[in-house]
Amino acid sequence: MIAIMNYGMGNLFSIYNSMKKVNGEPELVSVGEINMLRQADGIIIPGVGAYDDGMRRLKPIADELREILSGGVPLLGICIGMQLLFEESEEGNERGLSLIPGRVVRLPETVRVPHMGWNNLHFSYSEILSEILEGISEHDYFYFVHSYYCAPRDERHIVAFSEYGVRFAAVVNIDNIYGVQFHPEKSSKKGLHILKNFVHICKR
Amino acid sequence: MEVMLTKRIIPCLDCDLRVPGGRVVKGKEFKQIRYAGVPWELAAEYEEQGADEIVFLDITASAERRETMAHVIKKTAENVFIPLTVGGGIRGVEDARKVFSVGADKVSVNTAAIKRPDVVNEIADEFGSQACVVAIDAKRRYLREESALKKAEEEGKFIVDTAEGKCWFECSIYGGREFTGTDAVKWAMEVEARGAGEILLTSMDRDGTKDGYDIELTRAVCESVRIPVIASGGCGSPAHMIEVFERTDASAALAASIFHYREYTVRDVKLHLKEHNIPVRL
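Chains as they are written, first to last, in the numbering used here: chain D, 2 to 205; chain V, 1156 to 1437.
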């Protein structure tokens, strides 16, 4: 079972359906259901919305979540769910989950914000391609919608970049922690492919 | 390799919700209504062809059909994994919540926002700017007389010098049946300030004509706001999409009939765009 965190940040209909589509055995899990999280083979933090909102809702279980993750359970943060993995954001005042060193910053003034639409990835070749991107090429497109982006302190945590006025982290990974700035559940077949990769990682 | 945000191609499904389950119609004129198909089947077909997003427009825009629209979106979102926008008769936060809860990603508001602009703030605050599209249906108002021009200038209208003469653009509501006196370009700037994440800009002069997008209108709005603008109204061929992307900074182009009549697939259109070096997702 893969737990989709239901923490009141946007509707989860699409992520739930897309996980079902790739046989991910999704289960919507509320913030209070910590035992469900403990049983999960993987955890997804989805969501759209504001940083502080999201963090305030996750805060009550932040310590437990960190403890569960230290056991090696794979986590995938999507969009705001990815940004919450970092330490802080220019969008708000709350402290993030701090699972990845770095901060979240505003997209530059030189481009239309939000960055809304389909963009491609640029792989970082510093390390072997992460499993989350297996079968994905730099010619594949994903659906982005965001006004802030993640800036990891250590570039080695960036698996793939995208470009929109600035080169930013589109996919990050440290050990069992993954984050994608785009919405795989809204990125047609290639998005489903990434979710399928995550399911494989969870079932390993 | 070149890395950049692609231009979006968005098929629009005009839905008649008076039919059980809902049907997509060809042509917005009720007297010549023809059914193009089942909404979720067409949406799946367009996704397969490479559509970047789908807009569902409730042309009946009636309160009692809300359950039907929710059903249409739910059926679509079970199998279609691209962004879905719902427009037509969305009155506020509660209507929006209903379609978001079944898988919609954005709502588009026009009439409700003109009548009570705070609706834009409310939807943006509750669901985020990215979920809040403001639809603007704009019609050219030519200023042929010197006195009319002077009056428009005094009123602070955004005046554009077009090939056909000077004009301003007036917002219409209720699907073009009523005019409001509101300046479309200024309204676009206001809704951006109120938190709208995107503007769906339809030319009422071009809608249904297949004469091409209103370039001057699209350009005026694109140059006045920093949020993405979707050009709409008048698309009759891929050449019109090429024109709107080459001559304006529109982020997306919406079309209905060229896809419904199967004159072109979304992929056909994108291949044309690519030949003209316009970045698209293929």
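What the hints contain is simulated information worked out from the structure, not anything from laboratory work.
One should not assume that every hint holds.
Here are the simulated lysine-lysine pairs, DSSO-like style, with alpha carbons at most 27 Å apart [as the list claims (entries may be wrong)]:
id, chain 1, residue 1, chain 2, residue 2
1, V, 1270, D, 190
2, V, 1306, V, 1321
3, V, 1306, D, 190
4, D, 22, V, 1365
5, V, 1229, D, 197
6, V, 1229, D, 190
7, D, 22, V, 1253
8, V, 1230, V, 1253
9, V, 1341, D, 22
10, V, 1341, V, 1270
11, D, 190, D, 60
12, V, 1365, V, 1181
Quick list of the computed label-pair ranges, beta carbon to beta carbon [what the hints assert, rightly or not]:
id, chain 1, residue 1, chain 2, residue 2, range
13, V, 1341, D, 112, 47 to 55 Å
14, D, 110, V, 1334, 50 to 58 Å
15, D, 201, V, 1332, 48 to 56 Å
16, D, 88, V, 1392, 28 to 36 Å
17, D, 88, V, 1297, 54 to 62 Å
18, D, 140, V, 1392, 48 to 56 Å
19, D, 63, V, 1392, 39 to 47 Å
Taking beta-carbon pairs under 7 Å as the criterion, some of the chain V residues facing chain D (in silico) [to be verified]:
id, residue
20, 1207
21, 1255
22, 1430
23, 1432
24, 1436
In this text, a Cβ means the ideal position worked out from N, Cα and C, and glycines have one as well.
Please write out, lowest number first, the hints stated earlier that are contradicted by the structure. 1, 3, 4, 9, 11, 13, 14, 16, 18, 19, 22, 23
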